[in-house]
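Colleague: Read top to bottom, the protein sequences are chains A and B.
Numbered per the numbering used here, the first sequence finishes at 204, counting up by one with no gaps.
Numbered per the numbering used here, the second sequence finishes at 366, counting up by one with no gaps.
Do not rely on the hints blindly, as some may be mistaken.
Restraint ranges, calculated between C-beta atoms of paired labels, are given here [as the list claims (entries may be wrong)]:
(1) V294/B <-> Q89/A: 51 to 57 Å
(2) V295/B <-> L112/A: 18 to 24 Å
(3) S116/A <-> I228/B: 37 to 43 Å
(4) A5/A <-> M227/B: 33 to 39 Å
(5) V272/B <-> I8/A: 44 to 50 Å
(6) Q89/A <-> G291/B: 47 to 53 Å
(7) G300/B <-> P128/A: 40 to 46 Å
(8) M227/B <-> V57/A: 19 to 25 Å
Note that these hints are calculated values from the structure, not bench results.
For each residue, glycine too, the CB sits at the ideal point set by N, CA and C.
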Amino acid sequence: MSVDAIVIEHVIVMVLLTLLIVVAVGIIILNDLLTAVILSGLYSLLSATVFVAMDAVDVALTEAAVGAGISTIILLGTLSFTKRVQKPQEHNNYAALIIVVMTGGALIYGTLDLPSYGDPNSPANSHPQLAQHYLTESQKEIDIPNVVTSVLASYRGYDTLGETAVVFTAAIGVLSLLGLRRRRRKEDPLLTDKQQRKQQNEDN
Amino acid sequence: MLKRNVQQRHRVVQVITKFLIPMILLFAFYVQFHGDFGAGGGFQAGVIFASVFILHGLIFGEARTRLVLTPNALRILMSLGLLLYAGTGVVSLFLGGNYLDYSVLLSDPISGQHWGIFSVELGVGITVAAVMVSLFYCFSSKRNFVGHISHPISESELDSDG
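Chain A with its partners taken away, still in its complex shape (with noise of 0.2 Å):
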């Protein structure tokens, strides 16, 4: 890669790491509980964008797709259950913004001894048995042409088993909350006395 590129690509991660900050800001400013959730869906579109940036773009499409898409959907769907405008807050709580400020502080002092991004030095891309053996003995011993599939599903396929548990073990949760039930039959006026019968058969 040129010296141009190199630049190029710096300069656009930085302007949406800046957008970023701005969006975040706008969330945490805004009242308007229903910009704030478009907002919300705008933050993941522009961090996909910043991990296609990275030539990650696995996980791109999947901020794009979950971020992007299905939360801003389901908390377009959280807010059907509340108003629309946040309360006003009648008095300002300095011992939150302390503790959020100084918790954000030392997460940025905790980034200061991460290896810098893509060091070929650091731990991970070095040792023997991580990244240099995935990348070169994985076409040997899978013969995947996408590394990221095989890291994740065969050499690491523990990870993701626990991974797909969360997301089940999420599902129950939410469901044993709101649970999967139907409004009942006076409250739906959408359905005809057949499809209710159908429903109710359904859900017992």
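For chain A, the structure is supplied; the task is to place chain B on it using the hints.
Modeller: Here is chain B on its own, set in the frame of chain A:
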């Protein structure tokens, strides 16, 4: 009268959605089964697959979507996907390998890996799709969040659908 007007206003969206649904489904299958060669995999495909049903629910009303994909079916699919994943591990255990070691699934270790990855990705896809659709059902069924642009389904339509 008002309801009818709203319904007519959304007619274009409804027709466009009918065109889009098969294409999105096809794309979901592409992302699922092409994940070995390009970007994608079970998780992404599951979400895209679920988005078809969510789109259908938003445009035609969640009541109709529930007739296509019933909550009971979702509960079964959700568990089935996770069982498929964990079951692949158990099968490899019985065939003398480690848990989730796909090399022992077939006589050729490479094809064993291929089929193992195929199977667990399918499991992830089924679980994620079912979970996303049921989350949508949960949140949309409580209030009139969706369905206001749809119209009651006639008896004859229900019969033709089976």
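Colleague: All hints, please: hold or fail.
Modeller: Here is what the structure says about each hint:
1. V294/B <-> Q89/A: 51 to 57 Å: Between V294/B and Q89/A, where Cβ atoms are some 53 Å apart, the hint holds.
2. V295/B <-> L112/A: 18 to 24 Å: 46 Å, violated
3. S116/A <-> I228/B: 37 to 43 Å: 39 Å, holds
4. A5/A <-> M227/B: 33 to 39 Å: 34 Å, holds
5. V272/B <-> I8/A: 44 to 50 Å: With a Cβ separation near 47 Å, V272/B and I8/A satisfy 44 to 50 Å, so the hint holds.
6. Q89/A <-> G291/B: 47 to 53 Å: 51 Å, holds
7. G300/B <-> P128/A: 40 to 46 Å: Once the Cβ atoms are compared, 27 Å apart, the range 40 to 46 Å for P128/A and G300/B is violated.
8. M227/B <-> V57/A: 19 to 25 Å: 21 Å, holds
Taken one by one, the earlier hints fail for this structure at numbers 2 and 7, listed in ascending order.
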